[in-house]
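Mapping of the sequence shown onto our numbering: position 89 corresponds to residue 598, and the numbering continues sequentially without gaps.
Just so you know, these hints were derived from the structure itself, not from any lab. Treat the hints with care, as some may be off.
Computed spacing ranges between beta-carbons, pair by pair [as the list claims (entries may be wrong)]:
(1) 712 - 626: 32 to 42 Å
(2) 599 - 627: 39 to 49 Å
(3) 546 - 710: 34 to 44 Å
(4) 645 - 569: 22 to 32 Å
(5) 643 - 536: 28 to 38 Å
(6) 665 - 577: 20 to 30 Å
(7) 529 - 626: 28 to 38 Å
(8) 615 - 530: 28 to 38 Å
(9) 537 - 690: 40 to 50 Å
(10) 602 - 689: 34 to 44 Å
Glycine residues also receive a C-beta, built at the ideal position from the N, C-alpha and C atoms.
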Amino acid sequence: MTRPLDSGHDLVGIGSEHSGEIFRALLMAAAQPGQLLTLPATAPAGSGPAVALAALAHRDAGIAVHPSSDTQARELIEQIIDHTGARLSSLENADFAAVFPGLDEPTVRRLRVGTASDPALGAQIFVGCRSLRSVDASSSIDVDVCLNLSGPGVDGHRLIGVTGLDPAGVARRNVACAEFPEGFDLWLVDHDGLICGLPRSTRIELVAEGAI
């Protein structure tokens with residue numbers, strides 16, 4: 510999932526010339542929820558959540574990689590801290606977090622949530638999944654979960670199919686983000702570097718199989 514930093518390169522081998530592209534892509538994805546965009550092709554497969562985190566994290570921000578118990582996760586944390594000047598944090602206190610893989614309910618319960626009086630407390634979360642795809646009413650889909658998106662930045666509604674995402678985690682996200690501006694902001698990043706922004710203002714309906 511990761512490789513050591515090369516001289517003159519940023520996190521997981523992404524050249525500094527791509528940092529602006531990644532930053533703009535993440536902001537555009539958040540402004541157009543469900544619109545699938547692509548990270549630079551040079552991003553190593555599977556490293557997308559960490560690459561995205563490194564693009565938005567800043568000096569003194571609290572960062573976490575979950576789970577943090579294996580060698581690859583520890584390497585990611587070290588590289589992101591070196592890249593951004595951020596500081597290591599627990600998942601509960603993180604400003605930014607990369608989650609591998611998927612997003613289950615217990616993990617969602619640990620994320621920091623913004624409040625009505627202090628929305629900025631809400632974390633920025635980058636979640637790895639196996640695949641993302643746009644879906645329409647005529648599609649024959651083979652995914653773990655289908656998300657029907659609506660709200661600011663979405664013209665009517667938009668359907669996204671996701672493989673490698675826990676429906677229970679999505680349902681818990683909906684509880685945490687039920688009263689805007691409370692909640693947290695989320696980006697899905699698949700194995701090939703496709704990204705999907707799901708800010709806290711986005712309404713997500715879990716679509717049952719056969720209901721499309």
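Hint by hint, here is what the structure shows:
1. 712 - 626: 32 to 42 Å: About 22 Å separates the Cβ atoms of residue 712 and residue 626, which means 32 to 42 Å is violated.
2. 599 - 627: 39 to 49 Å: violated (19 Å)
3. 546 - 710: 34 to 44 Å: violated (18 Å)
4. 645 - 569: 22 to 32 Å: Cβ of residue 645 to Cβ of residue 569: about 44 Å, so the range 22 to 32 Å is violated.
5. 643 - 536: 28 to 38 Å: Violated - the Cβ-Cβ distance for residue 643 and residue 536, about 20 Å, lies outside 28 to 38 Å.
6. 665 - 577: 20 to 30 Å: violated (40 Å)
7. 529 - 626: 28 to 38 Å: Holds: the Cβ-Cβ distance is about 34 Å, inside 28 to 38 Å.
8. 615 - 530: 28 to 38 Å: 34 Å Cβ-Cβ, so the 28 to 38 Å window holds.
9. 537 - 690: 40 to 50 Å: violated (21 Å)
10. 602 - 689: 34 to 44 Å: Once the Cβ atoms are compared, 23 Å apart, the range 34 to 44 Å for residue 689 and residue 602 is violated.
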